[in-house]
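Undergrad: Order-wise, the sequence lines are chains A and B. Each residue of the first sequence is one higher than the last, beginning at 42 in this note's numbering. Each residue of the second sequence is one higher than the last, beginning at 164 in this note's numbering.
For the record, the hints were derived by calculation from the structure and aren't laboratory data. Some hints here could point you the wrong way.
[Claimed, not checked] Under the rule of at most 27 Å between Cα atoms (straight-line distance), these lysine-lysine pairs were calculated in the DSSO-like manner:
hint : chain 1 : residue 1 : chain 2 : residue 2
1    : A       : K300      : B       : K325
2    : A       : K360      : A       : K59
3    : A       : K59       : B       : K165
4    : A       : K47       : B       : K516
[Said to hold, decoys possible] Short, incomplete list of chain A residues facing chain B, as computed with Cβ under 8 Å:
hint : residue
5    : S49
6    : V50
7    : E52
8    : G135
9    : E140
10   : I901
For clarity, every value in this text was computed on a predicted model and none was experimentally measured. Glycine is no exception: its CB is placed at the ideal position from the N, C-alpha and C atoms.
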Amino acid sequence: MAYKHKPSVIEKIAESLKIIPSLHEEEGAQIPRITEPGELTSYPPPEQWDNWEEYEAKGWARKEKKNYSVVPTTCFNCESACGLLAYVDKTTGGVRKFEGNPYHPGSRGRNCAKGPATVNQITDPDRILYPLKRKGERGSGEWERVSWDEVLDDISGRIRKALEEGRNNEIAYHVGRPGHEGYANRVLQGWGVDGHNSHTNICSSGARFGYNIWQGYDRPSPDYANAEFILLVSAHLESGHYFNPHAQRIMEGMMKGGKLAVMDPRLSNTASMADYWMPTYPGTEAAALLAMVRVILQEGIHNRDYMHDWVNWKEYLQKVHPKAEVEFDVFIDKVIEEYAEFTPEFAEKETGIPAETIVEVARGIGKAGSKFSTHNWRSAGSGNLGGWAVARGLQFLSVVTGSVGTVGGTSPSAWNKFKPEFFDKPPAQKFWNELHYPKEYPLAFHEMSQLLPHFLLEGRGKMDVYFTRVFNPVWTYPDGFTWIEALTNHDIMGLHIALTPTWSETAYFADYVLPMGLASERHDINSYETHSGMWIAFRQPVLREFARREGKDFTFTYEVNPGEVWEEDEFWIELSWRIDPDGSLGVRKHFESPYRKGEKINVDEYYQYIFEHTKGLPEAAEKEGMTPLDYMKKYGAFEVEKTSYLKNLNKVADADLKGAKTDKETGVISKDGKALGIEVNKEAVVGFPTPSRKQEFYSQTMVDWKWPEYAIPQYIKSHVHEDEMDRDKGDYPLVPTFRLPVLIHSRSGNAKWLTEIANRNPIWMHPKDAAKFDLKSGDLIKAHTEIGYFVDRVWVTEGMKPGVIACSHHLGRWRRERDKVGNRWATNTVSIERDNGKWTMRTLQGIRPFESEDADSKRIFWSDGGVHQNITFPVHPDPISGMHCWHQKVRLEKVGPDDRYGDIMVDTNKSMEVYKKWMDMTRPAPGPEGLRRPLWFNRVLKPTIDNYYLKG
Amino acid sequence: MKFGFVIDNRKCIGCHACTVACKSEHDVPVGVNRTWVKQTEKGTFPNTRRIFQVSRCNHCTDAPCVSICPTEALHTREDGIVDFNNDRCIGCKSCMQACPYDALYIDPETNTAAKCNYCAHRTDIGLEPACVNVCPEHAIISGDMEDPNTEISQLLAREQVKVRKPEKGTKPNVFYIDGDEASLNPTATERSHEYMWGTQTSGVGHYAKYAEQKAEGADLIAMIQELNGHKPSSKEATYGGSNEQETPKKQVEMIMGDANPKRVYDTPDKGILWGWEVSAYVLTKAISAGIFLMVVFGSLLGYQMVETTQYILGGTSLIFLAATGILLIMDLDRPDRFLYVLLRPQWGSWLVKGGYSITVFGGMVTAWLAGIFLEIPILESVGFLGGFASGVMVAIYTAFLFAQAKGRDFWQSPSMVFHMFIHSMMAGAAAMMVFSLFTNVDASWMSLASYVLVGSLIVNVLVMIVELNITHPTEDAKLVVKMILKGRYSNMFWVGVLSLTNLLPIVLLLLGIEALLVPAAILSIIGIYLTEKIWVEAPQRIALS
């Protein structure tokens, strides 16, 4: 159906007289269709990916053609790692665009806005292209370009010295969302350091703890597509792990007739699509969930068989009601008694949701039965003191409906997530780093990373070599000024290395800023629990693969990447090799090739080994006459399992059963002191990785670790509970955690097409509350936190629960005047003043158009860059889960004549006071037998077992 | 074969993936969009909803952008896709006035118009449009609507669908399942420069170049003031002239109860695209045609004119005609391509008809003058009669052009032809009176001119009354009338137009005092400019989407 313009006589004459240019030149041959006329397909066929020809949209008038090498990779914006296809222009050798990868089982060829926007990040004129070293003072904003060799020698020498001197705990790798499967963890164990620090405690530890205490797995994996009822304490139609894959499947379930209920005080896009929007008062969600459990049990619509077989109800009766008969029906009666207080009316009083709605939703859940899917990610679980109890309440609903791991139910994450097998597994390290896992938090689900600067400033230790890896705590974490104080203190911070593709507020305070690759410039493997099934995907530097296809010669990826941007894997191999060139430290051997004895491994071999040991992949590759590595380089993803349900019913392997003992009382099967499974209905099955191998309604662990009041699921009143509010003085709970569909923390600000859609973060407020302060949308308000204040605009909306306010956290990025470039699409220019502990920040200028090689930078039409709220929050570590409890009690005040939009004040002395106040809430180790931490709890980089016991 | 889109609002989650995938596929500059997701909130807590509406070119069966495009840059393909060729585009922005859906923009990179073209470069080789591919929810469905086996045909057969502004008669081919009036209807909510997640503080698209100059330090506000020929408040100037509207609350309430909808996200405002050049060109062309028509009428009535006066008036007509041409070219975003109007003509476009009318008129006036000068009576007669015919065309064609601008309801007025013609007569008569200052115009001509002026002024007032009261059945047009009579243009209209430059000149002329004739004429000319300024600008303030 190609269109061809037929010129009029006048035009023909004018063109032939050359008065006007001819637009009717003969065109070359048309590109052949890949479908029948009228039919459309989504993607070029993979057999043409090496040499794909299509019309260039921008040259469509002239039928301009382009030849591409189509190379798969995965997105590196949020954690979902959705598939991308990079269209590498064969003429220019650059990436023209990204589309989805149809062979990716999680994302299925589709993406959110952040996927295609990756191309902006690659061409961002402000990105970092070469290794940089600080010139002046730390934080001075002065940098000079250095060579990778110099960088590697300096850092490796320093690490070697620390290892030689036994200062292993002074080396740490602090990671934002990792986006890889165990790569860096293996490196750290190869060095023998307990040096992993993550962002998890400001992200998801709360929810993780709640799930873990039930079933030994820390995340849910809902099978939305087959669900009849979906309850989200999250906003998975617009954000969260795993936004795009989950949103696809939630909608699939809904289109098949599934109902959606959403708890959120704010009308998220997800809530807007829901059948039931339940605008709960923040932190009261567990009250509603327990009330629903009670309704389901009272009405007898629970799944009796499942609960009978898979809940540790006997243990509960024996421990809590020793005089009661150990009968299942007695158990149900006792549970109803336990939750007698949780009437729908009580739930209404706490949450603000009408009692009828709670009953109606509970009945819907009960009716859906095993087809009930749930999720809680960040949101309530990460907002509140005791937020972990929300996830625990949610899992309770999964348990009573018997929907754990069923079709349409909610599986544990690990059932849908692939674990790669490495060519070499270094031994457990002989160190326990108390800066990461301090005694005060024996149950903390992950490292107490938000307290690192406080620990360092308090004198608990020091960092000699500290890597921040695509990680921006100064901006993303609470109490950013305390981070600046720690990062700029040379006594406690030896060398700070920021590994980052783009400038960040943290990188400004580094000694080295080392450019690491974006989505299409790095290696990683990914596997996430996006649905019932299991897949792996390969993130690869697409220009490296292009160079290989073109037969080009190169050693390191940075030779083919833009500038000298290095993909990380090779960086770690080179660094590790230089730490121990002669093998005397025992590091080198973990970086030797499994294919070439004694020689340094290369990155292809690293992945070759994993793919050769991936279930079913070698066979699939062989069918196409390829090696597993080549298969992954071509297709970028592989489906390991199509569906994965009820894995608790997997049989214990016969070999394992040999010599194993079965506890008659509990049915737990164990061997050599290690539990392997459980006997249920006379079958030896693996069950769940809890002490009882069952779903633990009753948790002996909580009792043993001094929290007997939480032996069973409870509702814990949040630190922002209504009781804490002095409404007459202007107190409000602030929900500062919500995400927008187009942005992702501080990683996406350098994408112009995303920033033009979202660039500011006003405080959401119900009209009634706005009226109290005589405010309309756009007016300023001053929000006082415990340690300071920020001044923001308000956005008045009916989409906000009265009495609660909310503010999105992606925006309010900044740079100082001395930071000349750096993410200018999204940063305000600020001045920062320090008067001892008292810090003030003022916006000098909003976002402005600027000159660069991208003509669009002059077309910036927005100027409001939002307000950085997180930096005004103190740390609020939950005494049990260790999660930072994000919600804030803020006192609102009308602005004064000297207050300006974006003003921020923080007193870090007060930060330390709040930190201590929350520390006082902990119940420190040791637990039973002098343990630092329950042995059955997961831990990143498990050290040797003796390290688990507190000495002395 | 006929391609169209179904937008399934049951599934759209407002994620903007389509927006960005489209930007990536077409490398669309910052500030402008081929597809975007308008977001509207309605209801009262907790019965609140956010409506997401993917908005884009409707690939109309009767596409007004194609009809008005002077150079066939916009065209409808056999498969129903409304595509464009930016090598042909002259940047006249008439398509942006014609499209009732706000689908087009000026690409600041090429200074030519652009919009969704259904990814014709992809569909021609068998690939789905980029937005369809990326959508996480498969909420955008493309395909051949004439093939009963396609998903889109089946959805259209089964589901209830709505289109945007069916009353425009454009036969849109983007169909919404669960389309909501609060969002489909642009007047249900107000446009703003401050939305939930962003603000707009400078111009985009056609105005992006001024934002660029801002980057280089020039004064944007002054720039836009000059551009729009008026002194806007500083806030307004910053946006390149703004779409501002007064919501017809009553109508909204009738449709939706007290849902109180609020627009919470939309794309940046593209500003007022036809600025002072267009108002000025209507005046210059009115003078040019009007002077000659005055000569013709006078001659037909038997008035005699000395040769010198003929030269001066004919020459003046040509000078104003040249000014008209210059203004028209100045208004183009691709002035280098102005000849395309004549040399790549799309005969259905009134821009082309107008262009040729102007050219022919210029030729005829020249012929007339040459005939007089060379004393070739036949040439003089041909020029005289041809000038008369083409002069009338020049005077009135803009009314037809405006009528072709389907996006602007206010311009869809049958009285517009009279309006244009009367303005031409006023301009001609007034100009002739002003010229009496410089040259010896016969007293009889002066009295003829003053009769014509006073008569046409009176008719003009009547035509305005008709235009502002009777001929506007639609909501958009009523909003414009409200803006003129009671809103931002009320001072300019009541004082500037009606009192000072229409009624006052009538009074002055009726007084019959010779000294007052020229001032009355000057006031009338100013009145034409002010009227055209309002008539051109005000309708462009109505949001189309």
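Undergrad: Does each hint hold? Answer for all of them.
TA: Against the structure, the hints:
1. A/K300 to B/K325: holds (25 Å)
2. A/K360 to A/K59: Violated, because 97 Å separates the two Cα atoms, which is more than 27 Å.
3. A/K59 to B/K165: With Cα atoms ~37 Å apart, A/K59 and B/K165 exceed 27 Å; violated.
4. A/K47 to B/K516: Distance ~20 Å between A/K47 and B/K516 Cα, so the pair holds.
5. S49: holds (6 Å)
6. V50: violated (10 Å)
7. E52: holds (5 Å)
8. G135: violated (13 Å)
9. E140: holds (6 Å)
10. I901: holds (7 Å)
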